[in-house]
Each structure stands twice: as structure tokens, then as C-alpha cells.
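J.: So the sequences go chain by chain: A and B. Throughout the first sequence, residue numbering follows numbering that gives the first Met the number 0, covering 0 to 135 in sequence. Throughout the second sequence, residue numbering follows numbering that gives the first Met the number 0, covering 0 to 135 in sequence.
Rather than coming from a laboratory, the hints here were simulated on the basis of the structure. Don't take each hint at face value.
Note that identical chains are pooled: a pair holds if it fits in a single copy or bridges any two copies.
In the SDA-like style, the derived pairs of lysine to any residue whose C-alpha atoms are separated by at most 25 angstroms in a straight line are [what the hints assert, rightly or not]:
#	residue 1	residue 2
1	K58	G124
2	K58	L100
3	K58	A130
4	K58	L132
There are 2 protein chains.
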Amino acid sequence: MMQAQPLSFPWSDTSIDDLLGRLSFDERGLLPAIAQQYDDGQVLMLAWMSRDSLRESLKTGTVCYWSRSRAALWRKGETSGHFQRLRDLRWDCDADALLLLVDQEGPACHTNRRSCFYNAMRDEGAVELSAPLNEA
Amino acid sequence: MMQAQPLSFPWSDTSIDDLLGRLSFDERGLLPAIAQQYDDGQVLMLAWMSRDSLRESLKTGTVCYWSRSRAALWRKGETSGHFQRLRDLRWDCDADALLLLVDQEGPACHTNRRSCFYNAMRDEGAVELSAPLNEA
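Same shape as in the complex, but just chain A (with noise of 0.2 angstroms):
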């Protein structure tokens, strides 16, 4: 199967529109992006990207989400330094998630872990995994 290279950013405006014509965004121009670190394959958080958010990681090859809850661009990184630079990106077979193999420059997670599924359920109830990293 084709393995080329994956396209150095800036993308061009010609491959975005080619990939934004194939995505099913939902009924609030939303879909779920998982960030995974590409050498380890660690899966460190899910998100939601906008078509814009979207067209601007791939403007930038840094990695900017669609918040909800501010109803915002978050342009991940801008207030903490811990940017997510893109490496390439993959779409599903329903095109309506997308999976973000990613660089992530420190912690993903706001809670300052690596990834943001550090919960887990053991026989004593409800337990974290990784604890918050140390800052340099």
C-alpha cells in the first residue's frame, strides 16, 4: 500500500480543502480529534476541532482545538508552552473522527501529566496512574 511521506506543513490550501470536503463534522461543525504521540503511541487526550481549528493546525503544524466550553479557538500551547506539533493526521472509516499523531512538547494535561487518561478503577475504587510531571 502507498506509504509516502506525510505532507510538510503548511499544507497547501488545495490538500485542506480536499480533506475538509471528505469530514462529516456534526450538527455543531464538530468532530472528536484523539492526540496520539507519534513515536510511543501514547494516547495523551481527545478534543474537538471546528473546520477552522482544523484549517489552522494545518497552516501551522501546531495543533489548535475547537473549545466548547469557551466557544473558542484553543490554540493549544499559547498560555502553557506545551504545544502539540503535528506530524500527520488520519481520518476513519465513517470520516467523523479524527486521529492526530502528534509531538507533545511536555505535559498534555492541564492536571501537568503527560496524558490526560491517567484514571483508572481498581479494588480499592477510583485510582490515578501517573502523577503530575515536575516543571523544569
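Dock chain B against chain A, hints included.
T.: Structure of chain B alone, referenced to chain A:
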């Protein structure tokens, strides 16, 4: 940090109720759930869970989703035989997304691919990064 063993299946009602009480289901009563192959880290699919589908998954150890298109429980593998055996699960910092660590039997995708995330954009346009698996 605590690294106790995952709970075995079926989970107790106490553990299930504890978990359900911690999660923030959306206005439809659903949560997005990422399925990741537990050993090699491949992201297989994104689907949706209701309280009932999550409860069934934790009782049986086999993943059951909520089909939004059919508005019904979706016992994955029931028709295809391609079951997802649940190994563990995580929830995120906002308690509004799940990460399912699964052992996928055969392809996860209805197109007979291992993962649903097989579409990518390249210089020449959209490409498929994997081919359908051959049935044994």
C-alpha cells in the same frame, strides 16, 4: 504511583456504580470511547458508549458500544465475530472521554481493516494506508 492490577471481569456492581458516578455523559447520555490495542498501542476506532453499554462491557469483559445510527446497543463482534476483549479502561481529566485498552480479535473496522483510521492525505491526494485483511 499505584499500579495495581486491572479489575477482572465481571466488575462488581460497586465498582461499576462508582465509575458511572464519576463520568460526565453528554446531553445524549453518551461518551466518546477510544479503543486502543492494549499491547502494541494501535488506535483502532472511536465509538460511543451509553451508561448501559458501559455497564454491559464491564459485566461481560467484551466491549459493547451505543450505535447512534441504530439507536441501540452495539455488541461489537456479535455479527462479525470480531470481538473486542476489554483489558482495562481509563477516563480523562474531565471525565468525559474513555480510553478502552482492548484485545481486538481480527479487524476492528467494518471494512475489514485492523484500524478504522486508515485514511491519510498525501501529495497526490487522499490515500488508504492499509488494505482490508484477508479472512482466514
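J.: For each hint, tell me whether it holds in the structure or not.
T.: Hints versus structure:
1. K58 to G124: Between copies only: 17 angstroms across, 44 angstroms inside.
2. K58 to L100: Within one copy, since 16 angstroms is at most 25 angstroms while 33 angstroms is not.
3. K58 to A130: neither (34 angstroms within a copy, 29 angstroms between copies)
4. K58 to L132: Classified as neither: same-chain Cα gap 30 angstroms, cross-chain 34 angstroms, threshold 25 angstroms.
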